[in-house]
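Undergrad: As you go down the protein sequences, you meet chains Y and V in turn. Just so you know, the numbering used here puts the end of the first sequence at 511, numbered straight through with nothing missing. Just so you know, the numbering used here puts the end of the second sequence at 621, numbered straight through with nothing missing.
Where hints are given, some of them may not hold.
[Unchecked claim] Facing chain V, a subset of chain Y residues (Cβ under 10 Å, in silico):
#, residue
1, Ala153
2, Arg156
3, Leu163
4, Ile182
[To be verified] Every beta carbon over 12 Å from chain V, so not counted as near; a handful from chain Y, in silico:
#, residue
5, Arg23
6, Asn64
7, Phe379
8, Pro390
9, Ala454
[Said to hold, decoys possible] Sample of chain Y residues lacking proximity to chain V, with all beta carbon distances greater than 10 Å (derived):
#, residue
10, Glu26
11, Thr47
12, Ala51
13, Gly63
14, Gly432
15, Leu455
16, Pro465
17, Ser475
18, Asn479
19, Asp497
These are calculated hints, taken from the structure and not from any lab test. Don't be surprised by glycine CBs; every beta carbon is placed ideally from N, CA and C.
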Amino acid sequence: MNHWIIMPLLLPLLAGVLLLMGRKYELTFQRWLSVIATAALLLITITLLAAAAGGGYQVYTLGNWPAPFGIILVLDRLSALMLVLTAMVALFSLVYALRGTDAEGHHFHALFQFQLLGLNGAFLTGDLFNLFVFFEVLLIASYGLLLHGGGAARTRAGLHYVLLNLVGSALFLFAVGILYGITGTLNMADLALKVSNAPPEHAALLRTGALLLLVVFALKAALLPLYFWLPSAYSTTSTPVAALFAIMTKVGVYAIVRIFTLAFGVEAGVVAHVAAPWLLPVALATLAAGMVGALASQDLRTLIAYLVVVSVGMLLTATGLFSVEGLSAALVYLIHTTLVTAGMFILADIISIQRGDTADRLEPGAPVAQPLYLGVLFFAGAVAIVGMPPLSGFIGKFMILQASQGNSAMGWIWAIVLVTSLLGLVALSRAGSVLFWQTKTEASLGAPITITEALPVVALLACSPLLVVLGGPVSEFANATAWQLLYPAGYIESVLDTYADAIAIDPGGQP
Amino acid sequence: MEALVAVVIGTLVACGVYLLLRARTFPVVLGLTLLSYAVNVFLFMMGRLTTGRPAVISPDSTEYADPLTQALVLTAIVIGFAMTAFVVILALRARGDLGTDHVDGREDNP
Numbered sequence: 001m002n003h004w005i006i007m008p009l010l011l012p013l014l015a016g017v018l019l020l021m022g023r024k025y026e027l028t029f030q031r032w033l034s035v036i037a038t039a040a041l042l043l044i045t046i047t048l049l050a051a052a053a054g055g056g057y058q059v060y061t062l063g064n065w066p067a068p069f070g071i072i073l074v075l076d077r078l079s080a081l082m083l084v085l086t087a088m089v090a091l092f093s094l095v096y097a098l099r100g101t102d103a104e105g106h107h108f109h110a111l112f113q114f115q116l117l118g119l120n121g122a123f124l125t126g127d128l129f130n131l132f133v134f135f136e137v138l139l140i141a142s143y144g145l146l147l148h149g150g151g152a153a154r155t156r157a158g159l160h161y162v163l164l165n166l167v168g169s170a171l172f173l174f175a176v177g178i179l180y181g182i183t184g185t186l187n188m189a190d191l192a193l194k195v196s197n198a199p200p201e202h203a204a205l206l207r208t209g210a211l212l213l214l215v216v217f218a219l220k221a222a223l224l225p226l227y228f229w230l231p232s233a234y235s236t237t238s239t240p241v242a243a244l245f246a247i248m249t250k251v252g253v254y255a256i257v258r259i260f261t262l263a264f265g266v267e268a269g270v271v272a273h274v275a276a277p278w279l280l281p282v283a284l285a286t287l288a289a290g291m292v293g294a295l296a297s298q299d300l301r302t303l304i305a306y307l308v309v310v311s312v313g314m315l316l317t318a319t320g321l322f323s324v325e326g327l328s329a330a331l332v333y334l335i336h337t338t339l340v341t342a343g344m345f346i347l348a349d350i351i352s353i354q355r356g357d358t359a360d361r362l363e364p365g366a367p368v369a370q371p372l373y374l375g376v377l378f379f380a381g382a383v384a385i386v387g388m389p390p391l392s393g394f395i396g397k398f399m400i401l402q403a404s405q406g407n408s409a410m411g412w413i414w415a416i417v418l419v420t421s422l423l424g425l426v427a428l429s430r431a432g433s434v435l436f437w438q439t440k441t442e443a444s445l446g447a448p449i450t451i452t453e454a455l456p457v458v459a460l461l462a463c464s465p466l467l468v469v470l471g472g473p474v475s476e477f478a479n480a481t482a483w484q485l486l487y488p489a490g491y492i493e494s495v496l497d498t499y500a501d502a503i504a505i506d507p508g509g510q511p
Numbered sequence: 512m513e514a515l516v517a518v519v520i521g522t523l524v525a526c527g528v529y530l531l532l533r534a535r536t537f538p539v540v541l542g543l544t545l546l547s548y549a550v551n552v553f554l555f556m557m558g559r560l561t562t563g564r565p566a567v568i569s570p571d572s573t574e575y576a577d578p579l580t581q582a583l584v585l586t587a588i589v590i591g592f593a594m595t596a597f598v599v600i601l602a603l604r605a606r607g608d609l610g611t612d613h614v615d616g617r618e619d620n621p
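Given the sequences, and given the hints that come with them, work out the whole structure.
TA: Below, the structure is given as structure tokens:
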């Protein structure tokens, strides 16, 4: 058993507890501890990704209880990829927080580590109820982070976020209850097995449970009727938190991909493809609605927050095809959009600080202190996020369009993806020209950026050309991951083998 | 018995949803609490309603109550308590910061 699998949970937990105990010490100590823990997390997750890239499933049985009786962690390509993405976004957001956000209130670093614990747990767990618990861990940490720094706007957005997520948690428990009542198991692999053998008279209840889960995950991912909390929450919170939250909507996307390929996918018998008729239309509608919001935005951060909604629509459009091509396109786009969006949130904050009183409102104001430098970064980020060649967004969108060929909804997908891309171009061109060109004549008051500010933006945005250079290996990896997801027999077998192994070691024992 | 419990859960959910839609923080918090009670009873019922059966292994019993749902309910209750405590504090903070107890932070004037 590879004990490194549990390290992404233990490390943030330990760091978080130490940070809580060390709250009396000065901020420098907390900063060092937090940065070192997050950097170590990145190294560990990269090692895990290298281990998972070979294609095997690694199952970690907690307390050595074999599945389906104990809780398990499962490392496969998708979970390893999500872990690395989380650690990367977290490290750069944290570095940017060192410029002063973490001093605006108490416990920033402890909450940050607990947030990572929840995220990593949600990506690793192979148990439905455990997924709920890790969702709650990441949510309660995110409530604290979202409100960090205080202020009326944050309180208002935070109240909506908290109340909606509490209702979401109640629905999650109803769904878990229904599925447990029918199948008698909470282990995802065992659930998949039980669902595939379910008699037709259970179909209605199973479908109810599955679709309730879809609603919960759609709330987390911010799909159409459930995304209205996102723009105000993301645009009012502090910048490092907004950058970290670039991964938060992807937790919902991850959960949809995981559950609806593993337990309710091709093999699911009476409830096969239960999400398919809903996911694609809703995702396309999200794409369109998000882009309308982006066009109507009055400031840069709200604009980027709406682009998060757009990216979720794009991701789930590709996922909704439920084909190998669609899923691999979604994965390539997922890597790109998470990193670039996080970078754009940080860049928006730098621009906003340098513009003084006008902040990031899209109206003529004082010029930024470094128009050339920030202008180039903004241009690169905008090209990447809209999906124009030569940067990574283009590859993702191209793969999505290619994957939709032959699908009955192909016309809709092409039309909406292409039109929203054009509208995105309009929105970002308007924002860029107002921010950098429509300046009043007075000199800028802002100070030039320092290295802790420049490093996260440059590093996150540089991932976009890097993804193009490494396009071959990345799309091969995405393709292999999509195969693993759509044909989950190997997953189910490796999880339930832990039971056979336990019997083999101790034939007389009670497993 | 099943019908009675089902009716109770349904009533709790209906009251919870009604209060949630009141859009003032105090009724909303009460609504969330009712909803979480409904969830707890619902989860408990998923182990099927039985009486007089042990949940842990005992020598003179061959049939057992489902211990897993009881563990799930305990976890859900603990998490529900923590979340309710948090949302109460947040509601008080919102009342102070925004000067109103409306969830949108402003009195609605249609």
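Undergrad: For every hint, state whether the structure bears it out.
TA: To see whether the hints hold, each was checked on the structure:
no.: 1; hint: Ala153; result: 9 Å, holds
no.: 2; hint: Arg156; result: 4 Å, holds
no.: 3; hint: Leu163; result: 6 Å, holds
no.: 4; hint: Ile182; result: 9 Å, holds
no.: 5; hint: Arg23; result: 19 Å, holds
no.: 6; hint: Asn64; result: 19 Å, holds
no.: 7; hint: Phe379; result: 37 Å, holds
no.: 8; hint: Pro390; result: 44 Å, holds
no.: 9; hint: Ala454; result: 34 Å, holds
no.: 10; hint: Glu26; result: 27 Å, holds
no.: 11; hint: Thr47; result: 32 Å, holds
no.: 12; hint: Ala51; result: 31 Å, holds
no.: 13; hint: Gly63; result: 14 Å, holds
no.: 14; hint: Gly432; result: 32 Å, holds
no.: 15; hint: Leu455; result: 34 Å, holds
no.: 16; hint: Pro465; result: 42 Å, holds
no.: 17; hint: Ser475; result: 40 Å, holds
no.: 18; hint: Asn479; result: 38 Å, holds
no.: 19; hint: Asp497; result: 22 Å, holds
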